[in-house]
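With the hints as your guide, set chain B onto chain A.
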Amino acid sequence: MTPGPFLEPTASLSLTPAPAHESGIKYHARVTEIGPMVQELLEAGILIFFGASAPPELREIAIVHTGDTLDGTIAPGDTIALGGTVYHVTGVGDLANKNLAELGHVVIKANGATVTELPGEISVQSTTLLIPGVGVPLIFRSLPSSPATNQSAANQPVPASPTQPALQTVSRRSPWAFLKNWLRSRQKTDRSV
Amino acid sequence: MPYKGVKIVKGSGGWGGPLTIRPTDEKKLIYCVTGGGIHPVAKRIAELTGAEAFDGFKSSAPEKQIACVVIDCGGTARIGVYPMKKIPTIDVLPSSPSGPLMMFIKEEIFVSGVKPENITAID
Chain A
1 MTPGPFLEPT
11 ASLSLTPAPA
21 HESGIKYHAR
31 VTEIGPMVQE
41 LLEAGILIFF
51 GASAPPELRE
61 IAIVHTGDTL
71 DGTIAPGDTI
81 ALGGTVYHVT
91 GVGDLANKNL
101 AELGHVVIKA
111 NGATVTELPG
121 EISVQSTTLL
131 IPGVGVPLIF
141 RSLPSSPATN
151 QSAANQPVPA
161 SPTQPALQTV
171 SRRSPWAFLK
181 NWLRSRQKTD
191 RSV
Chain B
1 MPYKGVKIVK
11 GSGGWGGPLT
21 IRPTDEKKLI
31 YCVTGGGIHP
41 VAKRIAELTG
51 AEAFDGFKSS
61 APEKQIACVV
71 IDCGGTARIG
81 VYPMKKIPTI
91 DVLPSSPSGP
101 LMMFIKEEIF
111 VSGVKPENIT
121 AID
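So the sequence lines, in the order shown, correspond to chains A and B.
Just so it is clear: in the first sequence, position 181 is 181 by our numbering, and no numbers are missing.
Just so it is clear: in the second sequence, position 122 is 122 by our numbering, and no numbers are missing.
Pulled out of the complex, with its shape left as it was, chain B reads as follows:
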């Protein structure tokens, strides 16, 4: 099933990116580890790509199925873990690289301050 690509740019006050996310048959989950269920940004990415949004706090999924992860990290834990694992990371808060894992946070793998309007279809 062909998935579509999206481009994600940093929002106001944000950092990093732009990221291009194009799910595949193997990497087909838009993994969401914000509090409070599936975040609107994760929903939007899933809508535009045709992939499936997934709540990481409700159930588990293998890392290799994750196309990208949506976090709402205030700047220490989640902001570093996913870039460290080379998973494209979208932070809905306008965080900059910080915390002990900040060496892994690069513009090619991380973008922050993202709102639904910062996500556009590219196919």
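Pulled out of the complex, with its shape left as it was, chain A reads as follows:
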């Protein structure tokens, strides 16, 4: 059985981000839940994030995500990709990295401040904040915004590089693990593509 045309394996197909040391990714997560108060807080100028360990009353006010590992520290100049939208970090509060690392918790405020108003905040450029959809990536990285992060295809946050192997190590939490393994099995058994 040959794969369907939409699943043609290619050397440049990248289903998961490259390791952090190659791509500058410091924190990678996927949005799982949007709390009922997020819209109201957006109108007040902030987006609140919490990781999966958050209790119900904090999930009500937050964008909940799967992230749990901070590699390095978030600093001004970094970018935050939330689905297809990219924000540029202008300031980082004193508690922001600790909260992000321990609780997946951060408050993003689009006020362009270099010194945040509150210690748990990360300030980004003055712009309109958008509520993401469930399932989109949330990625903090140290490169300036790249063409791939502005794509509307939220499943490919890292630009495909010809030097990247077609099949990379996939974290257990990757939503594409099943698809990747299926492709690998097709490549091994069917050379007539």
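Hints are computed from structural coordinates only; laboratory data are not their basis.
Hints are supplied without guarantee of correctness; some may be wrong.
The calculated BS3-like cross-link candidates involving lysine-lysine, where the alpha carbons are at most 27 Å apart (straight line), are [as the list claims (entries may be wrong)]: (1) B:LYS115 - B:LYS64; (2) B:LYS58 - B:LYS28; (3) B:LYS27 - B:LYS4; (4) A:LYS98 - B:LYS58; (5) B:LYS115 - A:LYS98; (6) B:LYS85 - B:LYS64; (7) B:LYS43 - A:LYS98; (8) B:LYS86 - B:LYS64; (9) B:LYS85 - B:LYS7.
Here is chain B on its own, set in the frame of chain A:
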């Protein structure tokens, strides 16, 4: 089982309070949603009252069992949520009312900058 009461005053640079916390058979949890496990302030309240400290990031508990909550909020999310639910809130950081939920943060329900020495038994 009789629980004891404590009085909690604001610490240096803090705001609000004083709060009197007296757990009951129904409201017997000292709920802690700081990072890094049960905070010393939550432990101290639990010791003096005889109630049980509980880590809200490790497991869940019904709101109606919560006598008070200990947070380490830098000033936006947790600082407003618990006063909004009328749960006595003790912030270990010296925060003042701020954020979109600040209208709920009143002195009768919130105290900040709290250290273990700001907690005294009153029974």
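Hints versus structure:
1. Proximity of LYS115 (chain B) to LYS64 (chain B) is assessed by CA-CA distance (about 25 Å); at most 27 Å being required, the pair is judged to hold.
2. The suggested pairing of LYS58 (chain B) with LYS28 (chain B) holds, with an alpha-carbon distance near 18 Å, which does not exceed 27 Å.
3. A C-alpha spacing of about 13 Å is found between LYS27 (chain B) and LYS4 (chain B), which places the hinted pair at or below 27 Å, so the restraint holds.
4. A distance of roughly 17 Å separates the Cα atoms of LYS98 (chain A) and LYS58 (chain B); the hinted pair therefore holds under the 27 Å criterion.
5. Our distance criterion of 27 Å between C-alpha atoms is met by LYS115 (chain B) and LYS98 (chain A), whose separation comes to about 20 Å.
6. Distance check on the hinted pair: LYS85 (chain B) and LYS64 (chain B) sit about 10 Å apart at the alpha-carbon level, within 27 Å; holds.
7. For the given pair, LYS43 (chain B) sits about 22 Å from LYS98 (chain A) by alpha-carbon distance, which is consistent with the 27 Å threshold.
8. For the suggested pair LYS86 (chain B) and LYS64 (chain B), the alpha carbons sit about 11 Å apart, so the restraint of at most 27 Å is met.
9. A distance of roughly 21 Å separates the Cα atoms of LYS85 (chain B) and LYS7 (chain B); the hinted pair therefore holds under the 27 Å criterion.
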